[in-house]
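Protein chains in written order, with the working numbering: chain A, 374 to 558; chain B, 374 to 558; chain C, 374 to 558.
For the record, the hints were derived by calculation from the structure and aren't laboratory data. Cβ atoms here follow ideal geometry from the backbone N, Cα and C, with glycine treated the same way. Treat the hints with care, as some may be off.
Claimed, not checked - Computed, partial: chain A to chain B, Cβ under 7 Å: (1) L383; (2) V430; (3) D454; (4) V492; (5) N494.
As a plain string of letters, each chain reads:
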Amino acid sequence: MKSKNHLLFLFLVFLSLSSAFLSKKTKHHKPCKTLVLYFHDIIYNGKNTANATSAIVTAPPGYNLTILAGNFHLGNIAVLDDPITLDNNLHSKPVGQAQGLHMYDTKNTFTAWLGFSFVLNTTEYKGSINFIGADPILVEERDISVVGGTGEFFMHRGIATIMTDTFEGEVYFWLRVDIKFYECW
Amino acid sequence: MKSKNHLLFLFLVFLSLSSAFLSKKTKHHKPCKTLVLYFHDIIYNGKNTANATSAIVTAPPGYNLTILAGNFHLGNIAVLDDPITLDNNLHSKPVGQAQGLHMYDTKNTFTAWLGFSFVLNTTEYKGSINFIGADPILVEERDISVVGGTGEFFMHRGIATIMTDTFEGEVYFWLRVDIKFYECW
Amino acid sequence: MKSKNHLLFLFLVFLSLSSAFLSKKTKHHKPCKTLVLYFHDIIYNGKNTANATSAIVTAPPGYNLTILAGNFHLGNIAVLDDPITLDNNLHSKPVGQAQGLHMYDTKNTFTAWLGFSFVLNTTEYKGSINFIGADPILVEERDISVVGGTGEFFMHRGIATIMTDTFEGEVYFWLRVDIKFYECW
Chain A
374 MKSKNHLLFL
384 FLVFLSLSSA
394 FLSKKTKHHK
404 PCKTLVLYFH
414 DIIYNGKNTA
424 NATSAIVTAP
434 PGYNLTILAG
444 NFHLGNIAVL
454 DDPITLDNNL
464 HSKPVGQAQG
474 LHMYDTKNTF
484 TAWLGFSFVL
494 NTTEYKGSIN
504 FIGADPILVE
514 ERDISVVGGT
524 GEFFMHRGIA
534 TIMTDTFEGE
544 VYFWLRVDIK
554 FYECW
Chain B
374 MKSKNHLLFL
384 FLVFLSLSSA
394 FLSKKTKHHK
404 PCKTLVLYFH
414 DIIYNGKNTA
424 NATSAIVTAP
434 PGYNLTILAG
444 NFHLGNIAVL
454 DDPITLDNNL
464 HSKPVGQAQG
474 LHMYDTKNTF
484 TAWLGFSFVL
494 NTTEYKGSIN
504 FIGADPILVE
514 ERDISVVGGT
524 GEFFMHRGIA
534 TIMTDTFEGE
544 VYFWLRVDIK
554 FYECW
Chain C
374 MKSKNHLLFL
384 FLVFLSLSSA
394 FLSKKTKHHK
404 PCKTLVLYFH
414 DIIYNGKNTA
424 NATSAIVTAP
434 PGYNLTILAG
444 NFHLGNIAVL
454 DDPITLDNNL
464 HSKPVGQAQG
474 LHMYDTKNTF
484 TAWLGFSFVL
494 NTTEYKGSIN
504 FIGADPILVE
514 ERDISVVGGT
524 GEFFMHRGIA
534 TIMTDTFEGE
544 VYFWLRVDIK
554 FYECW
């Protein structure tokens, strides 16, 4: 009988300790979900109405809304509705749209500030992901915050690493976004 | 004496198990707090200075700041300071102000991107709630993220469901917002 | 032997209870990290190109981009790239840049809405902090949300209290920001 009691004791000790460990913060620095997506930005230049996916809406004195301004584009805000694809091919079937704003904010280098959402609506992904952050464009990999999500991405938070995959002149930009969610629900 | 020991054992097993369950992530998909609020947006049209609660601040070429642009309003950014009420009556006593920005971002349908705050300052509610997200205006219920709060809503996160309650022409919009906090502090 | 059993019982009761307590939400209203930083905003006025750190990018009818508008600046959006310092001296060595937007949104008092990031890149601080919120400028201390961070501030959330430390005319503004993180990773 004593040995049986001892086994029970040990079992209870194990239970107590394991629950004590489980009760510690369960946040890890390993993503609970990841996504790699591409989006394609074609700036309206006065002639490309059919293809354009973004439009300049503010410009500094001396510039109009159909060309990025000199002085590192300082003073330009653009609104976007860019197709999102699963690979870096503009002509792949879009899985959603990147919507929001992009603004240039520095007078002596290229930096931007971003506030935008990925709106995904396919059988694979259904929901939205909301981002904000500073974008030091010339840096190869820049991190911004994933501050929330809806639908499939309900309440998610994380980090998005943005990379300029390709660009052509000052009109076409292909961006790769590695989304790492660290808080899933 | 043995039966007494058994009762104690059972009690400890119960304690251990219950704490093990409690120690699991306590996040539920049931809101910890909900709020239903209305806000009323009256766009400045050049003649309604006294009543207007929002102002268009950017317009595409060919449009001015006193009328929403054609082409699905693409290129319009509006800043708002809209009264918030507890029911859908514009003339009810406001409990706060909805402040921030609203921008139209698509060339072939009505979609917007929102970044704004509810600033509440009554005996009932005191604090601010911060929102961002894509707003596919034509969808009846659209979800955006509640990314933070202050005062009574300190550190809260959640989802806000926006519904267009009423609109009159392109000048008056009544919106209903169902705020569901899933992270309360 | 019985007394030994009793000690073990008590020990297990203690373990069970303590883990039950630990398993409760471990979020406290005491910051896990704090930072006090200053940023310095010098608005471009058409003559101060060398010193200016921010630029007005939208203005209401009748105003241009080199002066804040009348009517409580309603309709002005400014983009910023302001130096951040550890004390309130503009000439101290900057530890980073405050980048983003600042918009005036009310017709009968001074209020703004802010969306910006602190980009810190020194041996002391390396990473970014992302903020949004309403800024009732005339209030001495106003709280906005820290909605995310990267690098050293990976996934952090909190509250930032903004205070206008000094201003000169309508061109220079010194702001103090007390950042209190309540969610550290």
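- prompt: Do the numbers back the hint for A/L383, that is, is its least Cβ distance to chain B under 7 Å?
  reply: Not OK, violated: A/L383 not within 7 Å of chain B, min 12 Å.
task: Return the status of the interface hint for A/D454: holds when the least beta-carbon distance to chain B is below 7 Å, violated otherwise.
output: For A/D454, the interface hint holds, since the closest Cβ of chain B sits about 4 Å away, which is under 7 Å.
field: Restraint check, 7 Å cut-off on beta carbons, for A/N494 near chain B
entry: violated (9 Å)
query: Are A/V430 and chain B close enough, Cβ to Cβ, to be under 7 Å, as the hint says?
result: holds (4 Å)
task: May I ask you to test the interface hint for A/V492 with respect to chain B, counting a Cβ-Cβ separation under 7 Å as satisfied?
output: Holds, about 5 Å.
Violated hints for the displayed structure, listed by number in ascending order: 1, 5.
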